[in-house]
Amino acid sequence: MRAQYARRTQVLAGVMGFIALAIIVQMTRIQNSAEADVFRQQAENYAYELHTFYPNRGEVYDRNGRLLAGNKTVYEIGVDLSAAKDAHAIAFAVSSELGMDYNQIINLIQNPPEGLSYIVIADFIEAQQALNLQELKKALQEQAPQGTRGGLAGLQFKSHPQRSYPEDALASNIMGFVSREGRGYFGIEEKYDTLLAGNPVQALVPTDPNKAFEIPRVPDGTTLILTINRDLQAAAEQILDESLLVYSAQGGTIIVMDPRNGELLAIAAARRMDLNQFWNYGVIYDNASEFNPAISKPYEPGSVTKILTMAAALDSSTVTPNSTYLDTGSILIGGVNIKNWNQEPWGVQNMVGCLQHSLNVCMATLSMQMGAGTFYSYMDNFGFGHLTGVDMAGEAAGRLKLPGDADWYPVDLGTNAFGQGLTATPIQMLTAVSSVINNGRSVTPHALYAMVRDGRQYNVPAQYAGSPISEQTADTLTTMLAVSLETEGSLALVPGYRIAGKTGTAQIPVNGYYDSAQTNHSFIGWGPVDDPQFMIYVWLERPTASNWGSETAAPVFAQMAEKTIILLDIPPDVIRQQLVAK
Amino acid sequence: MNAAVQNMNIPNVNHYIHAYKIAPWRIQRQWIGNILLAVVALAMVATLYLIITSRAAIAGREIQDLTYSITVSQQVSGDLQTLLASLTSASAMERRARELGFRPMEPGEMEYLIVPGYSAPQSYILASAPHLQLSALTIPPVYNQSLLDWMDEKFSSYRGSQ
Chain A
1 MRAQYARRTQ
11 VLAGVMGFIA
21 LAIIVQMTRI
31 QNSAEADVFR
41 QQAENYAYEL
51 HTFYPNRGEV
61 YDRNGRLLAG
71 NKTVYEIGVD
81 LSAAKDAHAI
91 AFAVSSELGM
101 DYNQIINLIQ
111 NPPEGLSYIV
121 IADFIEAQQA
131 LNLQELKKAL
141 QEQAPQGTRG
151 GLAGLQFKSH
161 PQRSYPEDAL
171 ASNIMGFVSR
181 EGRGYFGIEE
191 KYDTLLAGNP
201 VQALVPTDPN
211 KAFEIPRVPD
221 GTTLILTINR
231 DLQAAAEQIL
241 DESLLVYSAQ
251 GGTIIVMDPR
261 NGELLAIAAA
271 RRMDLNQFWN
281 YGVIYDNASE
291 FNPAISKPYE
301 PGSVTKILTM
311 AAALDSSTVT
321 PNSTYLDTGS
331 ILIGGVNIKN
341 WNQEPWGVQN
351 MVGCLQHSLN
361 VCMATLSMQM
371 GAGTFYSYMD
381 NFGFGHLTGV
391 DMAGEAAGRL
401 KLPGDADWYP
411 VDLGTNAFGQ
421 GLTATPIQML
431 TAVSSVINNG
441 RSVTPHALYA
451 MVRDGRQYNV
461 PAQYAGSPIS
471 EQTADTLTTM
481 LAVSLETEGS
491 LALVPGYRIA
501 GKTGTAQIPV
511 NGYYDSAQTN
521 HSFIGWGPVD
531 DPQFMIYVWL
541 ERPTASNWGS
551 ETAAPVFAQM
561 AEKTIILLDI
571 PPDVIRQQLV
581 AK
Chain B
1 MNAAVQNMNI
11 PNVNHYIHAY
21 KIAPWRIQRQ
31 WIGNILLAVV
41 ALAMVATLYL
51 IITSRAAIAG
61 REIQDLTYSI
71 TVSQQVSGDL
81 QTLLASLTSA
91 SAMERRAREL
101 GFRPMEPGEM
111 EYLIVPGYSA
121 PQSYILASAP
131 HLQLSALTIP
141 PVYNQSLLDW
151 MDEKFSSYRG
161 SQ
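Chains as they are written, first to last, in our numbering: chain A, 1 to 582; chain B, 1 to 162.
The set of hints was computed from the structure by calculation and includes no laboratory data. For glycine and all other residues, C-beta sits at the position ideal for the given N, C-alpha and C. Heads up, a few of these hints could be off.
Claimed, not checked - Simulated restraints, written as ranges between beta carbons of each label pair: (1) N511/A / L113/B: 22 to 28 Å; (2) I30/A / I22/B: 43 to 49 Å; (3) L402/A / A97/B: 52 to 58 Å; (4) S157/B / T148/A: 37 to 43 Å; (5) L116/A / L100/B: 51 to 57 Å.
Go ahead and model the full structure; you've got the sequences and the hints to work with.
So, in structure tokens, the structure goes:
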């Protein structure tokens, strides 16, 4: 009996062992079969999800830490067709909340494109509207019978960031904007698009919670701090707007720069747009150069160029401040008779008188005395015809015709000396004249103060574009300009502060001829003369209230200078000198 | 008498002890005991492994949830920051100031006082201390290490110490 039981047990153990062996063999066979790779691939497909992580676009602040460009959350609203229960309810709710066409939505849900299980109904929806729909969906779900889905089942909300500009149109010409595709256009947004946008990361995200540590970390885009002073920018825009009305000008720009380091403090443009509604760009601007004319719109600057002609003449020792000449009211160059602005002779004048009375004949005489080689060498060194390198997208270089160019004529040597026959942008003029203020060195204008990345701030150092004139020439010319303004009793003067500067009135070429009825008025000035802390460029396009820049651009400069003095806390010369003396 | 009895009993005792040692049922019990011990040990290891794995899975899920919460918090923070900037924008502040009866200052109205020891405000610094980022380096191994990984690490460190 015992032997029989023992045999049965052995048989049973053998059968069990055989089954276990068969299972192991089968497992091994499956693991190494031809289909194993397919199964493994299928498993991996479910184990990971391919996901693209878009970093938040970097913010932009002004120099005092005020937000100029940030991000806000908006929503994509879509329908999961497999979960949608009541298309009519969804269409009604969405059309009511978002003001969309009901028929369009119902048609989209009931006749989706082939192969799609999820369709997007609307995107870039404000958070409040999305919240309203979410609450409605939740309420309907709670009202639905137990175990059934609510009327808005299948309606889905996906949040994502969108660029937002809290200051709306303020500094729009500096900032530029970001399209819905996330690409920057114009200004800072385009120039630093790569830095601001950061680097999108495409990664396989594990669905296995045990591999949570594999979730990639996507650093945000770089945050930028601009040199712009928000309050000064607002003041510049306000002053420009008022000036356009007062002087009936078609356009204009005001730039405020720190001449010591090239930091741009404000750039006002006549046309501005609410950056939160960037799609109105085509309605507001006729062409791209109007977005920020300060850097993109070259024009014939006129008499403000006389500063540079005089600088070249002094620096090349062609004249001294006390050199005199007899102004006969006209000079013949290249067969063309060049006259003064009032068509009158001014008799014997020294170089201060030349600047004070803005004599074209004097300047043409100086350029002739210097000769084309010397004159154009200086103009080239001042940066005419070259980009300044300002860090905003869309800069134009202007044009300086040179001897040898097909369209250069001998008369250009004379007209170029008083700013006609050449073109430059306001920012080029600022850069060139900064050498007179900054001991002979011209600064590179820039709008970026610092970058912030990974909790560290990197400040941008000042850069110098060259030294076209000597320190002595710069000092001499500054004094000459200050004296000429004071002697003239210019409307650009600011009580309590010594200012240097120059007015410009330039006729505008129309169809190859200068139209005396259409002029551009400019003024470039800086102060305080003994410790320059700001330089301001004013350009008014085609003002009709007056024919002379001394009556339009000069008082606008004074207005802007007064505002700058207040906002930058610059004490009057007397108090400042007391401070220095102590 | 006693000595005689003792001499008589010793072979019997040895015989019984020997019989006890070679009894088939005893060997079977030893085998069963050993197998049961192995099964219990395996069960304990399996239980421990399951506990650790489930804890790691829960922790992993919490990490995923926290990562999502961080994203949401950052979005909310960004929204609030933008809203605050809108409420304190240049135009809004000017409007509020005018409503409160203020007006822009004229240059002639400014008075400057010389304050000994006063220094002008420094350049704006936006950067703060770097944030601690959630990454593989900051998550303790206990939350993402399997039992086998742990054993391997201990074994490696043991070998390394020798």
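Now the hints, each set against the structure:
1. N511/A / L113/B: 22 to 28 Å: Violated, since N511/A and L113/B (Cβ atoms, about 60 Å apart) do not stay within the stated range.
2. I30/A / I22/B: 43 to 49 Å: Check passed, 47 Å falls within 43 to 49 Å.
3. L402/A / A97/B: 52 to 58 Å: About 53 Å separates the Cβ atoms of L402/A and A97/B, which means 52 to 58 Å holds.
4. S157/B / T148/A: 37 to 43 Å: The hint (37 to 43 Å, Cβ to Cβ) is violated, given that S157/B and T148/A are roughly 57 Å apart.
5. L116/A / L100/B: 51 to 57 Å: holds, 56 Å
Checked against the numbered hints listed earlier, the structure breaks hints 1 and 4; every other hint is satisfied.
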